[in-house]
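> Residue numbers (the working numbering), protein chains in the order written: chain A, 1 to 368; chain B, 1001 to 1092; chain C, 2001 to 2359.
Keep in mind the hints are simulated off the structure, nothing from the lab. Honestly, I wouldn't trust all of these hints.
[Stated by the list, open to error] Computed list of chain A residues with no C-beta within reach of chain C, every gap over 10 Å:
id, residue
1, S44
2, P51
3, V57
4, F103
5, R185
6, Q260
7, L269
[Said to hold, decoys possible] On the chain C side, residues computed to face chain A include the following (Cβ under 8 Å):
id, residue
8, V2025
9, G2029
10, I2110
11, L2112
12, G2343
13, T2344
14, D2348
[As the list claims (entries may be wrong)] Computed beta-carbon distance windows for the label pairs:
id, chain 1, residue 1, chain 2, residue 2, range
15, A, S4, C, V2266, 35 to 45 Å
16, C, I2081, A, R113, 27 to 37 Å
17, A, Q253, C, P2125, 43 to 53 Å
All of these numbers come straight from a predicted model, not from anything done at the bench. Backbone N, C-alpha and C fix where the C-beta goes; we use that ideal spot for every residue, glycine too.
Okay, here's what each chain looks like letter by letter:
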Amino acid sequence: MEFSQAFRDSELVQRVIGEIHRIVTRDWVIMEICGGQTHAILHSGLDQLLPPQIELVHGPGCPVCVTSLELIDKGLAIASLPKVIFCSFGDMLRVPGSSNDLFAIKASGGQVRVVYSPLDAVKIAQQNPDKQVVFFAIGFETTAPANAASVLQAKAMGLKNFSLLVSQVCVPPAMQAILGSPDNRVQGFLAAGHVCAVMGYWEYPPIAEKYGVPIVVTGFEPLDLVQGILMTVQQLEKGGHSVENAYSRVVTQEGNQAAQAMLRRVFKLVDRNWRGIGMIPMSGWGLQPEFSEFDAENRFNVGAIQTKESPICIAGEILRGLKKPTDCPAFGTLCNPDNPLGAPMVSSEGACSAYFRYHRQIETTSRE
Amino acid sequence: MCLAVPGKIIDIYEQNSLRMGRIDFGGVTREACLEALPDAKVGDYTIVHAGFALNLLSEEEAQETLDALREIGDIEAELGLGDTDIVSSRGL
Amino acid sequence: MTENMLPSFEGPVCPIPLRHDDQIVMGHGSGGRMTQELIARVFAPAFSNDILAQSNDSAVFSLPANAELKGQLSVSTDSHIVSPLFFAGGDIGRLAVCGTVNDVSMSGAIALYLTAGFIIEEGLPIDTLVRVTTSMQAAAREAGIQIIAGDTKVVERGKADGLFINTAGIGWIPAGRQIGGAFAEPGDSVLISGAMGDHGIAVLSARGDLGFEAEVKSDVAPLNTLIQNLLEAAPHVHVLRDPTRGGLATTLNEIAKQSGVCIEIVEGQIPVHPAVRAACDMLGFDPLYVANEGKIIIILPAAEVDAALDALRHTQYGEEAMLIGQVKPAPAARVLMKTTIGGTRVLDVLAGEMLPRIC
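Sequences are here, hints too, so could you generate the full structure?
As structure tokens, then:
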């Protein structure tokens, strides 16, 4: 089967959207956790086709957006060191630190390499024994196995010049933080399909029960997204709050056990500072003591980091679905993709950048 | 955080103590780590993110999902609700 | 409109905004917004004149009156820095010849002659240079043009990524032909001569950094014959442009801005080869922003579309030509796309460099 194409079938998408229109009777606020889903929704213009009663708000599922400013500044400091090859996913290159970004460091002569996989960074370490290779290990649970594999491989190969700057974050604590907030508006969740491919969805029933919200595991193609939205609306209309799986071709309730075992071996739960949101206890992963030699924060001492965040950036409220990018006074004027004040305007699936590229101009269009 | 694409496993081997595979994404091939799929065989489909195979992809489940969605459409067509309603509700 | 506003650093605002204002970064070479800003900020003020201000792929000009030239001349220059030098479907030499032949031809000119300047890195095998120049000769022969002047320089190891080639080209535009980015009119149709994204993906695949292999060949080809056949069948073409750096989306934006019109295209009509689509899906790229080196955007009166498509589809390199959209009066300087599921999305200019992403 040609999987991607089958789930982009426009006729089927139209039908499901029609069904959503048919059953919706009142306003609902639904959050999609994953930035990739935000991007896919706005990219396909799907949000324009939904009934006006459905408000989609965008969650903090953008590892680029939520990586703490302090860690970014540390990464930038390490990347500036001589004899360091700093490897990163492309997403991180334009994220602003307090006074710099990886692009600028590259231009100034720092060795910064974009990689598709952390395993490529291990290869680079193998090929450059006289350099220290550091990989910026951001990500949610989707990316954690790849990051874990890189550490396991480096250890098996006996590499002494490879380390990770770890910024792993977890979805369920973020969901709880949002739902537990007194100004929460979210009534239903589209859970991140690829996070669940790894972790399963056994963590969600207690959350659904505690806060009375339906949670539907959702994929990323247009058909997946509308199916997830339909199932969420169906539950909301009936007053349901259970966990359902709309991405069954990839996700099972228990998830990938072998992957989870790998993660338990390499990582342990730690407190994490989420940029724009603040400290969420036990919401991230750090390296287990067995692998502490691969922790870049241990290997490099870059001195005290003084961070400086833009005072007008409201990323935190946007990441929690409390405000839309268009609510921000700086949106589109002082803050735009060429000149970002905060991470959601830089990241390819940050809500602000997505709104800027896809949405705001359509609003201008429809007013003309 | 979740750009992952479906592909078919066309080769399996070990490299530097990790279980690896060659994946065909439809005219594009790349290697990916299969550590999390110890039982995967050549010919299986998987979903790959950042060079790591997250889980197997079930063609059967995919077909079932599509079939179920097609039924929604059919019922809806019987009720006579067409695209025009979507367009008018949005004022487009 | 944000593209006209450079942010102000004065006043009660946070001084953090990171613009790469003091040094060149790779994004400046991507062909997108950063490149445009660099041109506006540095090059245009230094060199401003009416001919340069045409902002097309080639400069169109006349000779002094007593030269009594019928028609006009078209001149273009391009530097080629592709790495690796050889890739599926082509090489830097073929690229250097075709790129400039095509730019000259986009004004409707009959391409005549090219010059070629070489900056060669110390240590390059002579055999490599022979392969490149042989390829250039083959491309020139295919295009029916001659390379009539050149230059060679050698720089120290490490200073030139193997080989850089600059080509400049000249052509003659028959009288009465007026084709350029400013001439799109509401009611016009928009055609594309073939599939998008082949060249960019082929080069990325050959480079090997991202570790994938794609069954994709660069589409690099001389398009002057295709253009002449097209113009014979559809003499009132308004705009011709090749979607190179920045891809289809960026190039359509340039035209929309120059002509002060809205260009609306339909996603489902744009041809993309399956392997290109698969590679873009994997990396998180949009094929509409990936470079092409053998394709043309054609904007022409709707009445001539059938004749144009017929001519294109029966000429080499135009076989997969498609009607992809139309020109509307408003919103001006905007490119809109109707997505496959029926939504509408604004297509913006590529901002910096397109990078593979995980999100």
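> Confirm or reject each hint.
Each hint, compared with the structure:
Its beta-carbon lying about 5 Å from the closest one in chain C, S44 (chain A) breaks the requirement of being farther than 10 Å from that chain. No beta-carbon of chain C is positioned within 10 Å of the beta-carbon of P51 (chain A); the least distance is around 14 Å. Here V57 (chain A) stays apart from chain C, with its beta-carbon at least about 18 Å from theirs, past the 10 Å limit. Residue placement check: F103 (chain A) does not keep its beta carbon more than 10 Å from all beta carbons of chain C (closest about 5 Å).
For R185 (chain A), the shortest C-beta to C-beta distance to chain C comes to about 24 Å, beyond the 10 Å cut-off, and the non-interface label holds. The Cβ of Q260 (chain A) lies farther than 10 Å from every Cβ of chain C, with a closest approach of about 20 Å, so its non-interface assignment holds. For L269 (chain A), the shortest C-beta to C-beta distance to chain C comes to about 22 Å, beyond the 10 Å cut-off, and the non-interface label holds. The beta carbon of V2025 (chain C) comes within 4 Å of a beta carbon in chain A, closer than 8 Å, and the hint placing it at the interface holds.
Annotation: G2029 (chain C) was flagged as interfacial toward chain A, and the flag is violated, the nearest CB pair being 12 Å apart, outside 8 Å. Interface hint status for I2110 (chain C): violated, as the beta-carbon distance to the closest one in chain A is roughly 40 Å, over 8 Å. A distance limit of 8 Å between C-beta atoms decides the matter here; for L2112 (chain C) the minimum to chain A is near 40 Å, and the interface restraint is violated. Proximity of G2343 (chain C) to chain A holds as hinted, the smallest CB-CB distance being about 2 Å (cut-off 8 Å).
Given the 8 Å rule on beta carbons, the hint for T2344 (chain C) holds: about 5 Å separates it from the nearest Cβ of chain A. Interface hint at D2348 (chain C): satisfied, since its Cβ lies 5 Å from the closest Cβ of chain A, which is below the 8 Å cut-off. Distance hint check: the CB atoms of S4 (chain A) and V2266 (chain C) are about 20 Å apart, inconsistent with the given range 35 to 45 Å. In this structure, I2081 (chain C) and R113 (chain A) break the distance hint of 27 to 37 Å, their C-beta atoms being roughly 19 Å apart.
As the Cβ distance of Q253 (chain A) to P2125 (chain C) is approximately 59 Å, the hint placing it in 43 to 53 Å is violated.
Of the numbered hints given earlier, the model fails hints 1, 4, 9, 10, 11, 15, 16, 17; all others are met.
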